[in-house]
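2 protein chains.
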Amino acid sequence: MRANFEDRFWELSALGDDHIISVVEDESSGKIIATGSIFIEKKFLRNCGKVGHIEDVVVDSNARGLKLGKKIIAFLTEHARLMGCYKVILDCSLENRAFYEKCGFKQKEIQMVKYFI
Amino acid sequence: MRANFEDRFWELSALGDDHIISVVEDESSGKIIATGSIFIEKKFLRNCGKVGHIEDVVVDSNARGLKLGKKIIAFLTEHARLMGCYKVILDCSLENRAFYEKCGFKQKEIQMVKYFI
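Quick note, the sequences are listed as chains A and B, same order.
With this note's numbering as the guide, the letters of the first sequence map in order to residues 1 to 117.
With this note's numbering as the guide, the letters of the second sequence map in order to residues 1 to 117.
Worth flagging that the hints you see were computed from the coordinates, not collected in a lab.
Keep in mind that the hints are not guaranteed to be accurate.
You can't tell identical chains apart in this list, so a pair holds if it fits in one copy or across any two.
Restricting the straight-line Cα-Cα distance to at most 25 Å, the calculated cross-link-like pairs of lysine-lysine (BS3-like) are [stated by the list, open to error]: (1) 43 - 87; (2) 70 - 31; (3) 42 - 87; (4) 31 - 87; (5) 31 - 42; (6) 31 - 106; (7) 67 - 106; (8) 31 - 108; (9) 31 - 43; (10) 43 - 70.
Quick caveat: nothing in here was measured; it's all calculated off a predicted structure.
Given the sequences, and given the hints that come with them, work out the whole structure.
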């Protein structure tokens with residue numbers, strides 16, 4: 001398991017600014033209390049445009065109310081902008097729509113999924 | 001513009017099986033009449049899991065009714081499975097939900113977007 005993790009670490013590191021994982025650490029406990037990641041998709045479409053995909057946004061239930069989720073989203077969104085993306089997107093549940101609207105996002109489409117396992 | 005296109009071509013080529021663009025060509029005209037792409041997102045989450053993201057599915061309006069969209073989706077979905085993804089996802093409009101349901105997908109979440117330009 002540790003070997004898998006290390007392999008993945010080096011795979012992601014090799015992607016440089018195209019894959020960023022943001023974390024907030026509680027310095028007193030050393031625990032990670034919020035995280036979110038982004039990867040940059042490169043297209044031929046939209047004049048060889050780039051799209052930022054925000055994934056895996058989680059805030060520890062003991063750290064709610066500190067606006068950490070908003071800070072993570074603001075950081076990842078700014079990263080996408082600096083990378084030259086024409087848009088940044090994410091998928092979320094209906095219950096989280098209001099939160100993302102407060103972060104400046106709008107609903108556009110629906111997400112479809114097919115599971116293999 | 002051509003230089004941009006070639007730069008992007010080599011960037012995408014370097015991603016190997018992590019980024020595939022599928023096309024259907026009409027051999028008589030030499031025109032591309034259907035396309036769709038997939039890229040493979042690598043996570044730490046889900047036991048260092050992988051997710052296939054299907055993007056940019058388009059069928060020429062003169063080539064409808066030939067099930068080319070279904071073939072493109074089947075090819076990209078199978079690619080995700082072979083790459084070891086635990087799921088494949090895509091975003092689409094409400095009007096296209098029925099098509100993707102026929103392809104074995106289910107709606108799960110909603111897509112949120114923020115445009116920079």
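Q.
Checking each numbered hint in turn, tell me which of them this model violates, lowest number first.
A. Hints 4, 6 and 8 are the ones this structure does not satisfy, whereas the remaining hints hold.
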